[in-house]
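Below are the chains, spelled out letter by letter.
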Amino acid sequence: NAGVTQTPKFRVLKTGQSMTLLCAQDMNHEYMYWYRQDPGMGLRLIHYSVGEGTTAKGEVPDGYNVSRLKKQNFLLGLESAAPSQTSVYFCASSFPRVGSSYEQYFGPGTRLTVT
Amino acid sequence: DQQVKQNSPSLSVQEGRISILNCDYTNSMFDYFLWYKKYPAEGPTFLISISSIKDKNEDGRFTVFLNKSAKHLSLHIVPSQPGDSAVYFCAASARIFGNEKLTFGTGTRLTIIP
Chain A
1 NAGVTQTPKF RVLKTGQSMT LLCAQDMNHE YMYWYRQDPG MGLRLIHYSV GEGTTAKGEV
61 PDGYNVSRLK KQNFLLGLES AAPSQTSVYF CASSFPRVGS SYEQYFGPGT RLTVT
Chain B
116 DQQVKQNSPS LSVQEGRISI LNCDYTNSMF DYFLWYKKYP AEGPTFLISI SSIKDKNEDG
176 RFTVFLNKSA KHLSLHIVPS QPGDSAVYFC AASARIFGNE KLTFGTGTRL TIIP
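In order, the protein sequence lines correspond to chains A and B.
Take the first sequence: its position 42, counted from the start at 1, is 42 in our numbering, and no numbers get skipped.
So the mapping is simple: our numbering equals the position in the second sequence, first residue as 1, plus 115.
In case anyone wonders, no lab produced these hints; they're calculated from the structure.
Keep in mind that a hint or two might mislead.
Stated by the list, open to error - List time: in silico DSS-like cross-link candidates among lysine-lysine, alpha-carbon distance up to 30 Å:
# : chain 1 : residue 1 : chain 2 : residue 2
1 : B       : Lys120    : A       : Lys57
2 : B       : Lys186    : A       : Lys57
3 : A       : Lys71     : A       : Lys9
4 : B       : Lys186    : B       : Lys171
All of these numbers come straight from a predicted model, not from anything done at the bench.
Take the sequences, apply the hints, and build the full model.
Shown next, in the form of structure tokens:
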């Protein structure tokens, strides 16, 4: 099993450009999440999905859109990139069930720089 | 409002000694607490968790203690090894069906000195 994979690993964008980050998981998990990590800020939730075809806003959703057309994939889009979106982006997935600890499995991250 | 706080950005410990990482929270609805470990250029990996109905959970060299009255938890690593050098994130979750999310602290960078 590959677990959670993210594409691409690195990307440099100019202000105003758009891009899509792809997350894929092969664990048949229902829930998927997008986080951003910034120095001194920890991991902040951008958007999440509790199942195919559903999405919801997290703590810092502005400037991002997401789609979950297939259970195994969760896409994060930046329509018009801004320097404030320079960050490391992590995707995660989980399979919450009664008695579980909500453990999430993370991908390796995408380092995005917006100039 | 930061609901999960890790007030120590960094910690250095001699190899073989005990490492103690601390975490405080403010939301009484949190019912599970987790610790994640993160190496540079990698995603966080799950380390250990504890339910709010327990006060201790142990897994090998790692033990998590929960003090609900103080809204405080700690991760003990004994003995500390060089491979433990990483950033450790505390996380918490409130059981709301269909809304299972984790709230993370800002992390503590642990350095084990050989």
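Notebook entry, point to check: Are Lys186 of chain B and Lys171 of chain B close enough, with their CA atoms no more than 30 Å apart?
Noted result: Roughly 14 Å separates the two Cα atoms, so the pair holds.
Note to self: Does Lys57 of chain A sit within 30 Å of Lys186 of chain B, going by the straight-line distance between their CA atoms?
What the structure shows: Roughly 27 Å between the alpha carbons, so the hint for Lys186 of chain B and Lys57 of chain A holds.
Check: Is the hinted pair Lys71 of chain A and Lys9 of chain A satisfied, with a Cα-Cα distance of at most 30 Å?
Finding: Answer holds: Lys71 of chain A to Lys9 of chain A is near 22 Å, not above 30 Å.
Note to self: Check whether the Cα positions of Lys120 of chain B and Lys57 of chain A lie no farther apart than 30 Å.
What the structure shows: holds (22 Å)
Comparing the model with each earlier hint shows no violations; every hint is respected.
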